[in-house]
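Q: Could you put the whole structure together from the sequences, leaning on the hints where they help?
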Amino acid sequence: MACEDLERKGNTAFGGRDYKAAIELYSSALQLTPANATLLSKRAKVYIELQEYELAAADAEASLTLYGGQDRKTQFRLSTALYGLSRYEEASSELHRLQSANNSGKRHVSPTNQEIEEFAKRVELRIQENVHGKYDLFTMLKEAKAMATPYLDHADYVGPVRVTEVEGKDRGMVATKNISAGTLIMCCKAYAVAFDQEHAARFGSDIVSYDPDELLITKVVERMQRHPGTVADVYSLLAGPDMLQLDISPEAKKELPIDVSRVEKIVKYCNFLQYVDCLGDLWLWPLYTSDVSSESSEQIRIFNGLWILPSFFNHSCLANARHYFLGDFIFIRAINDIAEGEEISLAYSDPFDYYSTKDRLFGISGFLCECSLCSFARAHPQIAELRTLWTKCFEKRIELLFEMGDYTLLPQLNQIIMNLRETFQNSRSPGSESGIIIPPLELFNPLKAKALVHFIQREFEDAVSPFVEAFELLPRLGNSPVNAVARIDIALHLSDIYMALGNPSEMEKWATRARAEFNVMFDESEDLWQMYIEETAPASAMGTFRM
Numbered sequence: 000m001a002c003e004d005l006e007r008k009g010n011t012a013f014g015g016r017d018y019k020a021a022i023e024l025y026s027s028a029l030q031l032t033p034a035n036a037t038l039l040s041k042r043a044k045v046y047i048e049l050q051e052y053e054l055a056a057a058d059a060e061a062s063l064t065l066y067g068g069q070d071r072k073t074q075f076r077l078s079t080a081l082y083g084l085s086r087y088e089e090a091s092s093e094l095h096r097l098q099s100a101n102n103s104g105k106r107h108v109s110p111t112n113q114e115i116e117e118f119a120k121r122v123e124l125r126i127q128e129n130v131h132g133k134y135d136l137f138t139m140l141k142e143a144k145a146m147a148t149p150y151l152d153h154a155d156y157v158g159p160v161r162v163t164e165v166e167g168k169d170r171g172m173v174a175t176k177n178i179s180a181g182t183l184i185m186c187c188k189a190y191a192v193a194f195d196q197e198h199a200a201r202f203g204s205d206i207v208s209y210d211p212d213e214l215l216i217t218k219v220v221e222r223m224q225r226h227p228g229t230v231a232d233v234y235s236l237l238a239g240p241d242m243l244q245l246d247i248s249p250e251a252k253k254e255l256p257i258d259v260s261r262v263e264k265i266v267k268y269c270n271f272l273q274y275v276d277c278l279g280d281l282w283l284w285p286l287y288t289s290d291v292s293s294e295s296s297e298q299i300r301i302f303n304g305l306w307i308l309p310s311f312f313n314h315s316c317l318a319n320a321r322h323y324f325l326g327d328f329i330f331i332r333a334i335n336d337i338a339e340g341e342e343i344s345l346a347y348s349d350p351f352d353y354y355s356t357k358d359r360l361f362g363i364s365g366f367l368c369e370c371s372l373c374s375f376a377r378a379h380p381q382i383a384e385l386r387t388l389w390t391k392c393f394e395k396r397i398e399l400l401f402e403m404g405d406y407t408l409l410p411q412l413n414q415i416i417m418n419l420r421e422t423f424q425n426s427r428s429p430g431s432e433s434g435i436i437i438p439p440l441e442l443f444n445p446l447k448a449k450a451l452v453h454f455i456q457r458e459f460e461d462a463v464s465p466f467v468e469a470f471e472l473l474p475r476l477g478n479s480p481v482n483a484v485a486r487i488d489i490a491l492h493l494s495d496i497y498m499a500l501g502n503p504s505e506m507e508k509w510a511t512r513a514r515a516e517f518n519v520m521f522d523e524s525e526d527l528w529q530m531y532i533e534e535t536a537p538a539s540a541m542g543t544f545r546m
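For the sequence shown, numbering that gives the first Met the number 0 gives the first residue as 0, with consecutive numbering after it.
Note that these hints are calculated values from the structure, not bench results. Just so it is clear, CB atoms sit at the ideal spot from N, CA and C, and this is done for glycine as well. Any given hint could be a false lead.
[What the hints assert, rightly or not] Straight-line distance between alpha carbons at most 20 angstroms, and here's what the computed EDC-like set of lysine to aspartate or glutamate pairs gives:
| no. | residue 1 | residue 2 |
| --- | --- | --- |
| 1 | K176 | D336 |
| 2 | K264 | D246 |
| 3 | K267 | D358 |
| 4 | K141 | E505 |
| 5 | K188 | E53 |
| 6 | K391 | E421 |
| 7 | K391 | D405 |
| 8 | K218 | D241 |
| 9 | K141 | D461 |
| 10 | K253 | D241 |
[Claimed, not checked] Restraint ranges, calculated between C-beta atoms of paired labels, are given here:
| no. | residue 1 | residue 2 | range |
| --- | --- | --- | --- |
| 11 | K19 | R121 | 51 to 59 angstroms |
| 12 | P380 | E341 | 23 to 31 angstroms |
| 13 | K391 | A338 | 16 to 24 angstroms |
A: Spelled out as structure tokens, the structure:
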């Protein structure tokens with residue numbers, strides 16, 4: 000078949016979105032005329048549609064060489080391929096070359112001048128994200144909420160961190176310079192992510208009985224097949240205590256076989272599962288399922304995913320950083336000041352969980368948490384069990400207190416608080432007399448409940464002391480949206496109280512503290528803050544109790 004016939008058939012296949020056939024036809028034509036700039040450019044366009052950006056960039060560069068360095072369509076395709084490879088500054092340079100060429104009279108030629116300008120602006124936004132870590136979270140949130148399966152178009156960012164050996168923990172993430180609380184440490188797009196509705200589309204509508212990792216494993220393997228150069232990245236992750244870590248030479252990285260059993264283990268130990276707790280704050284987590292009810296107490300899993308670099312953060316119940324998700328992106332922020340050389344940790348379990356629950360969870364993974372909370376519980380099991388007993392006693396009374404409005408239970412609540420206080424006398428982490436004082440987390444919810452009882456009954460002066468104590472004893476915590484906003488909500492309640500008491504200076508003080516906490520835990524975006532205030536103001540005014 001003549002080259003022209005193959006090209007024509009390739010054009011038809013591309014128009015019908017039969018991209019595999021188009022690649023085969025253009026490739027056959029190129030075998031007949033290898034130095035055909037037009038065919039190379041057309042094949043680059045097909046590769047872009049298939050998200051095979053490395054192949055697209057190679058074809059576009061070869062085509063441009065034959066064109067003498069300038070061809071409007073091919074330069075745009077090269078820029079698009081470089082964008083897909085996250086080589087944003089190179090994409091920007093190519094677009095600048097294209098824009099500086101003589102484009103007079105080409106306003107309506109594809110790509111149009113407007114299309115080029117709009118793409119150049121998008122590339123510049125990616126550079127700001129990739130190089131400076133500047134993200135518009137408010138816009139990203141709107142994008143995610145508008146999409147059924149929110150695969151977002153944004154850049155990765157990696158701050159001053161590095162992966163290294165951590166004593167007693169294998170590998171971990173440490174700071175390469177001092178990091179202030181509220182600093183964005185990392186933002187990464189998932190290597191692969193599986194949304195619930197995607198599973199229903201592939202495997203049927205019964206999402207109750209399926210293996211939550213099934214689709215994710217499939218997607219990871221599919222991406223490894225499409226992009227063999229990333230296999231080594233996946234294999235760098237922990238595959239559990241029973242599977243040896245691979246020592247991969249640079250030469251071997253190019254042709255690694257895909258071991259599905261290893262992938263299954265990696266997904267088991269390294270995937271992030273994102274749940275929505277329907278009793279908690281949902282405002283920052285777009286709801287990807289339509290059947291989430293605010294009355295439901297069930298936890299509904301939105302998605303699970305695999306992120307390569309974020310998987311190197313080790314766990315601590317009292318982590319110095321926190322993570323949250325927008326679409327298929329994970330954000331990791333410092334919630335405390337972090338010193339150069341200090342390990343950066345995330346909380347993968349709820350610090351408020353009973354120690355027995357956390358110990359059982361960690362035991363499955365062969366992991367021992369060494370945070371001050373868990374270390375104290377192991378060293379003093381009787382005290383830990385006593386705290387669990389009083390916490391369960393408190394939890395049994397929450398429904399009566401708030402759902403049934405039986406505020407006569409306040410004396411019992413005071414007794415529980417007193418009993419819990421006794422368990423925290425001289426509570427320090429084991430090892431030395433000057434050890435870290437254990438944060439009395441078990442006191443937080445009872446104190447908040449007591450404050451809210453007074454708040455609801457408009458006994459504002461009586462609500463101040465337990466609210467302030469709850470705020471001061473609670474460290475910044477990650478892991479769940481409820482923990483993330485706990486200090487923010489208390490500060491807003493105190494601002495409300497002082498407004499009711501006619502004390503503007505204290506009202507402003509606590510409003511300022513609420514905003515400062517928000518800036519650390521989420522972002523300094525004014526739009527995001529206003530959204531938070533608008534969507535949580537009713538809860539603040541009514542004193543809603545959120546466990």
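Q: Taking the earlier hints as the rules, which of them does this structure contradict?
A: 4, 8, 9, 10, 11 and 13
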